[in-house]
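Each chain, written out:
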Amino acid sequence: MELLLVSLLNGLVYGMLLFMLASGLTLIFSMMGVLNFAHASIYMLGAYFAYDISRHIGFWPALVVAPVLCGVLGALIEMYGLRRVHKNGHIAELLFTFGLAFIIEKAVQMIWGLLPVPYRVPALLDRTLFHIYGTNFPAYRGFMLLVSALMFLAIWLMLTRTRMGLVIQAALTHPEMVGALGHNVPRVFTTVFAGGCALAGLAGVIGGNYLVTEPSMAFSMGPIVFVVVVFGGLGSLAGCFIASLIMGYVQTFAVVLEYSPADALAAFGIKVTEATPLSEFLTIPLPRIGALLPFVMLILILLFKPRGLMGTRDT
Amino acid sequence: MSEILAHPGARPVEAAGVASLTKRHGPWLLALAVTLVLPWLFYDWSRARHSGFVVAMLSQMSMMAVFALSYNMQMGQAGLLSFGHAVFFGLGGYTTAHVLNAVKSGSFWLPTELVPLAGGVGGLVFAIIFGYVATKQRATAFAMITLGIGELVTACALMFKTFFGGEGGVSTNRVIGTSLFGLTYSPSIQVYYLIVAWTVISVALMLLLTRTALGRMANACRDNFERAQFVGYDPSMVRFFQFSLSGFFAGIAGALYALTYEIVTFDSVAGAMSANALLMTYIGGVGAFAGPVLGAVLIVLLQSWVSLLSNSWLVYVGLLFIVMVTFAPGGIAGILLMHGPIWRARRLGRLAGPYVRVLTPGVLAVAGFVLLVELCSFLTIGAAQGKSFKLSGITIDPQSLKPWLIGALLLVVGGLVLWREGRHFRRSWEAVMEEIKAAGRA
Amino acid sequence: MSEAAVRLTDVRKSFGPTPIIMGVSLDIDRGQRHAIIGPNGAGKTTLFNLISGRLPVSSGRIELDGQSIEGLPAHRINRMGLSRSFQITSIFPRMTVFENIRCGLLWSMGYRYSFWHLLSRERSLNAAAERLLADVNLESRRYLPAGLLSYAEQRALEIGITIAGGARTILLDEPTAGMSRSEANHAVALIRRVTEGKTLVMVEHDMSVVFDLADVVTVLVYGQVIASGPPAEIRANRAVQDAYLGAAAH
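Here the protein sequences come in this chain order: A, B and C.
Under the numbering used here, the first residue of the first sequence is numbered 1, with each subsequent residue one higher.
Under the numbering used here, the first residue of the second sequence is numbered 1, with each subsequent residue one higher.
Under the numbering used here, the first residue of the third sequence is numbered 1, with each subsequent residue one higher.
Here chain A stands alone, though its shape is the one from the complex (with noise of 0.2 Å):
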C-alpha cells in the first residue's frame, strides 16, 4: 500500500516532467511536420545552463534565465537554420535536426567535460515535505510538481484565451490552412518552436538536478518523449497529456516491480529452471527491462494504432 501510494505520487511527477517535455515536442511536431530530433539536447542544455548560473548567482534567477536562454536558442534554430533546410523536405528536416542534436551533444561534453557535473537541488528544498508511511516525500518533487502545474495551466490559459492561442490550436490541426487565412504563420511557427525549446530547457532546470546531469542525458530522455509524442498522437495535447502520465507509471513501477516473467508462469504452475530454454530471457526481473518498455510500446503503436491514442492526423 505504502509502496502504491510512493510510487503513484513519484510516476505523477516524472509524468508531469515529461509532458513539459512532450508538449513542447508534439507542437512543433504537429504544426511543422518536423520531429525535433535535437528537442531533448535543448533540455539537456536547459539543465547545463542552469548548473552554471546556479553556480554564479542561484538557482532561482536561473529558473527564470536558463528557459529564457533556451527559446532565444530556439527562435535562432527556427529562423535560420529550419527555415532554409524546410524547402528540402520533411527528411531533410528531420536530418538537420539529428545533426544539431549531434552536434550539442559533442559541444557539451567539450565545454563541460564528459562526466556528471553536480548540479543539484537548492537549500531551501533540499527537505521533507511530508512524510507517507515512513517514506520521506522530498520537498523538491513538491515543487517539480508545482512547476509543471503552474505551467500547464499557463499553457491551457494562453492556448485559449488568447488569440495567438487558437491560431496556434488551428494550426494543430490543419497548418496549410491557417496560413490560408492570412495569418502570418512563419512567426506562428518561430513563436512555437522557441516556446517549445523554453519549455525544454525549464524541464532541463528542474529535471536536471533531479536526475543525472551529463551529455549523455539526451540521448537517453530523447527516445522516450518520441515514444509519448507518437503514443499520445499528433495534433492532439490531451493525448499528450495522457501518454505522458501513462509513461511516467510505466517507467516508475517497471523499477518497484522485482517481477519476471518466470514469476508470471509460476502462478500457472509452470516452474522455470536453468534448463528451461530461453531461461534467461524469462527471468529477467522488470526492472531491468524497464528501459525496454517504452520501445515495446512504440512499436506496439505504431503496428496497432498509427495515429496514436487521441491523434488526428497522420504522421
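Among the hints, a few may not be true.
[Claimed, not checked] For lysine to aspartate or glutamate, the following DMTMM-like pairs were computed, each having C-alpha atoms within a straight-line distance of at most 20 Å:
#1 C/Lys198 x C/Asp215
#2 B/Lys161 x B/Glu262
#3 B/Lys161 x A/Glu280
#4 C/Lys198 x C/Asp27
#5 A/Lys87 x B/Asp223
Simulated from the structure, these hints should not be mistaken for laboratory data.
Dock chains B and C against the given chain A, drawing on the hints supplied.
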C-alpha cells in the same frame, strides 16, 4: 536543374563489348586496383612487414563502404530513413562470431572464405523479421519504428548473455583452419584481401540489384508511391523486400567486422553505429550509387587521422553533416556530379579563379573554427587528461586570451569574406552554365 | 446483357460531417467512352478517387467487371484491370522516359518483386516498352529524365504509363487540362487511339473534347447525378443548363 542535366540517364546506354565495358566501369576498376595495391605502398621493406595502421584503416574503409552502400539501398534508393541499420550489421557480426566458434569446436563446417555469407544470412533473417513490422509504415513512422527497434536490440545486447554475451560481447577466433586456399588468415593482410574480395562481390551485387525490377520499383516508390500503386505494386511489399536485402549486405559487413576484430559487442548494434551509417551515406551522397563509398572513405580517414590529433573530430563530422544538409543535400557525389556538364564542355578552367577566391577565406574561417574548438576541448577534456595543446612544436595555452582572439578573428573575418565571395562564385557558376546551355542549343 | 465495366450503387462519401458524394448510382458499360462533367467542387475527382481505391467510401457499392472493389487497396484494384491518370501529372520524375514506361509494364508482364532479372536483358519487356513509347510519340525523348519534359509531353507519358499494364478500364482525370488547342487535339487523338476497345471514363471541363470523344455524358452537381445520356441530349437538357448558367450568373 544542373543536377538533372548531369543525370547519367540523359546519355544513351552504349552497346556492350569489353572495350566499352571497361570504359563505363573505369572508375570502379581503378578503385579496385588502388585498394589491391595500396598496402604495398606502405610496406616496410626493411622489416618485411605491412603497416598495421594502413591495413587496419583500409580494412575498415572496405567494410564501412559495404555497410554504407547497404544503408543507401534504403535511404537513397527507396527513400527510407532508418535510425536502426546497425542492428543488422551487429546481428550479422554476432552470427558470424557464433559460426566461427562452432566451426572451431567442430560442430559445424564452413570454409573461412564463405564465413561472411553466414553474417549475411544472419542479417537477412533479422531484417525479414523486423522489416515485416517496420515496412508497414513509411516516412516518419518508419523512422520512429527503426529507432525503437535499434534501442530495443541495443538494450537486449547489453542484458542477455545468450547470443549477445552481455556487456562483454562475444569473442571469436578467425583462425579456424578451413580455408579453401590453405591460408590461416592470421596475418591481417590476408584478412584484408578476403575483405576486399567480399567488398567487390557485395558492391557488384548491390549495383546489379539497382537494375532489376525490385531496384527500379524501389526508386519508383521513392519518387511517387501513388503512381507505383497504379502500376500494380504494393509499396509496402517493395519496401519490405528492399529492406530485407539491405539487411543481408549489412550482415556481410558485420561479418567482415567480426573477422577483423574477433570480438563483437553491443556497440556494433548501438545508435552510434547507426548514426555512423547515416553520416557516411549522406555526406558521401545519396543520389549516386558510389556516393556512400566516398562517404565511408572520408569518415574512416577522418576517424583514423583526425581522432589521433583531436578529441573533437566528431564535432567536425557533425558540422560537416549539417552544412551538407543545409547547402548540399546531394553530398560529395552530388557536388562532383554537378560539375559533370562543365567538365564535358571543357570549361572547368573557367571556375579555377572563382574557386581560389572562395576557398581561401573558407580555409581561414575553418582554421579559426578548428582553433576555437580545440582550445575549448583542451581547456576541459584535455586538461582532465593532462594533455597540452601543441601545434608544430609550439605549445598553446588555452588559459591565455591571445589564441582565442586569433581564432575568433580568423573565423569572423574569414566567414564574412567567404559570404561575399560565395555570391561572386554563384554568379560565375551561373554564367558558365548559361554559356554551356547556349552552346548546346546552337 | 453486357455486364457493366464499372457499376456504382448508391455511393456516398463524407469527410467528417461534410457530405461530398450523396448517393451516386451509375453504370458504365464495357467499351463505352464515358465523360463525367460538372461545375468545380461537384465531386468528380472524389468519385474517381473512390472508384480507384485512393479513398474509402462512406457507404455504397462499387463493382468492377462484376466484382466488388470498394475498400480494396489501390494496387489490388489496379491488378484487377483498372488504371488511372491524375489531375496533377503523376509520373516518376527522376527516372528516364523509357524507364517510366517500363515500370508500367513490370507487374503485368509477371516480374513481380524479382531481384534476379537484369531488366536491360529482358527482350520482350523492352520491345513492349518501345512499342508504347512509339504509341505516345515520345521515342525521341526516351533518355531524358521525365521531370524535364514539357507539360504536354508529361501528360502523354502519363497516359502511356496508365495504359502500359493492359488495364481494360481506364480513368483519365482532366487529361487535357492546361493544354493549348493544338496540344489538346493531339491528346484527344492519342487517347482515342490507345483506348480503342477499352472502357474509358474521363473527367473533363473542355466541352469540345467531351463532345468529340464521349459516347455517354454524366453530369455531377453537388455530389449527385442530375443527368446522364448521349452528348446531344445533355446539351439540350434544361437542368444541366441551369446548373452551369446558374453558377456562372452568380
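Each hint tested on the structure:
1. This hinted pair checks out: C/Lys198 and C/Asp215 have alpha carbons roughly 13 Å apart, not beyond 20 Å.
2. Our distance criterion of 20 Å between C-alpha atoms is met by B/Lys161 and B/Glu262, whose separation comes to about 18 Å.
3. Under the criterion of a C-alpha separation no larger than 20 Å, the hint pairing B/Lys161 with A/Glu280 is consistent with the structure, at around 8 Å.
4. Under the criterion of a C-alpha separation no larger than 20 Å, the hint pairing C/Lys198 with C/Asp27 is consistent with the structure, at around 15 Å.
5. Under the criterion of a C-alpha separation no larger than 20 Å, the hint pairing A/Lys87 with B/Asp223 is consistent with the structure, at around 17 Å.
The structure meets every hint from the earlier list without exception.
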